[in-house]
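As you go down the protein sequences, you meet chains A and B in turn.
Mapping of the first sequence onto the working numbering: position 38 corresponds to residue 38, and the numbering continues sequentially without gaps.
One gets the working numbering by counting positions in the second sequence from 1 and adding 224 to each.
Simulated from the structure, these hints should not be mistaken for laboratory data.
A quick note: this is a predicted structure, and the numbers were derived from the prediction, not measured.
Simulated coverage check for chain A against chain B, where a stretch passes if three residues somewhere in it have a Cβ under 8 Å from a Cβ of chain B:
#1 53-59
#2 69-80
#3 104-113
Quick partial rundown of chain A residues pointing at chain B, CB under 7 Å, derived from the structure:
#4 Tyr50
#5 Asn83
#6 Phe88
#7 Phe90
#8 Phe94
#9 Leu96
#10 Glu98
Glycine included, each C-beta is placed from N, C-alpha and C at the ideal position.
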Amino acid sequence: MTVLKATNIIKYFHEPESFKVLDNVDFEVAQGEFLSIVGKSGCGKSTLLYILSTMDTDYDGELSIKGEKLTGSKQNQLARFRNKHLGFVFQFHFLLPEFTVLQNVMLPALKLKEYSNAEIESRAIEKLRMVEMDMHAKKTASKLSGGQQQRVAIARALINDPDVIMGDEPTGNLDKMNSQRVYEIFKQLTTINHQTIITVTHDPDFAKGSDRIIEMQDGRIVRA
Amino acid sequence: MNLRLAFHIAVTHLVTKKKQTVVAMMGVLFGISMFIIMISFMTGVNNFMEDMAMDGSPHVRIYNPLQVLDGSIIEKNSDDQNGWYVVHHQRPKNDLSKIRNALYLADEIEKMPGVKGVAPQVGTQVFFNNGPIQISGVISGIQVNKQKELFNLESKMDAGSLDDLLRSSDAIIIGKGLAKKTNVRVGDRVSVTTPAGNNLSLRIVGMFSYGLSSFDDAKSFASISTVQKLMMRDPSYITELHIKMEDYKEARALAKKLKKDLNVYAEDWETANSSLLAGDKIRNTMTGVISFTLLLVAGFGIYNIMNMNIINKMKDIAILKATGFQGNDIIAIFLLQSIIIGIIGGLSGVLAGYGGSTLLSITPFPEAEFFRLKTLPVNFNSMFYIMGLIFGVSTTLFAGYFPARRASKIDPVRIIRG
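I would like the entire structure built from these sequences, with the hints used as guidance.
Right under this line is the structure:
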């Protein structure tokens, strides 16, 4: 079943001069797939990911996720969609430093308001347990190491049980051991939960372990 | 939009950045407390000045102004229009200053709504003889009880008591400045001469000071009968009716009504004290401008701090937006921070303003010769505190809104990609 469909995505950068970053990118992702997008720096893979993430709306072509056409939607609608259906893991962990680990994980769910606060808390702890961070739940986010923060970020991405989890070099800042751990968590999500994962990565080992690799060069898909 | 969540995030931000929060609150605190102290003090001074002038002066004064009749009787009653009869330089009649039926009139006016009381007076210009020198002044014959009740004269007494006027028929109390000029003390006798040439020797039983040199250097009081005796007039001779209102703001309306209904010359205090009121207006405008500036400065302080805050929180904002928070949520988070700062800063500003005003109100004022003032005058009016709070909170609301809106427009992709 197709969960994400990108049709003829074209994007220009206008600063400092007009430049075509993405040239007719066209692909589909099936549910439960573990997809890696690879390519050299500047090939447009991150740009593509942010278009897929619905945060970047300045492109030509069409994007639909779960059969819903997202191109042309209003910012608030997109925010609601991200909240419910998408999860993000970034290269730099981007937790809110003033909040505890638990609060960080709970925030997107508190925003979504599908469960009561007590349920959200128990769900958050469950997600933290999955990434083996439940013992640090009450710590302030800024007190954790990089690998720990990344695992918390994954728990946060999972809190609303999104259909698609996107990662922008989720292991880019981690050592071998932590990278392996993140990989295992992702693998588990696709096989057990049938969630879809799309990551941009430089890490050849990480890419090798995924179900499918899309290689990009100069804004085009050269190998799918 | 989820307000409780936004509130939770806002409070967490404020609590973790304690120093910055406290500085922002201090800005509001100073702005509002200074505003309150300023306006309390300024209106206190205004009220004091007004009271000083008002205590001594009636709200409405009925008297016969000296006026030269236009046209002579002979001209008016002549059929001859050719101007054969010419009267040059006509003089006013002798007893013009007497108010007809004054005591009856006083009773009638006293019954009118809004009138607190009417005090009849008989007054004339006099000379106080100090050896070979004559010092000009004014003597007013008063009904002691009425004057005490309505014009608060007893509180202006420096020596002696008003009641002493009732004890003998040759008693007089004089202004402090006048006493100095004539070099007399309580117990001394002073010789008083009217312009008509009548002379009487009166004994000084008291001294007063209003703090206004125009009063203290010229005025003196005696009982009505004493002054009537001095002027050689009968007991019905009354030259002025002084009316005190329940609410002084109605004075102008009453003066108009009296003029129309009773056909008397009535002057209200606003007309009599127009220069004082002009001063009031200028001071009030100044107070307004300064207070507004204070609040504006506090507002700019908050604006700056909130802007800094948002620059510091760019990454957080990007993350919140990436995980599904909408523009409204971001505005709510940062606007709530401003509101919390505004309310807490405002409330403490109100307290500090009250404290400052209290301190000011017990600050001793160096006692000058003519100022009846022991401490600085401060007006404690709850309106100022409510106003300060409303202004303070609304300023922070404005100051916080623009940075918050800016925050809501941040593009998360640019922040996350670096």
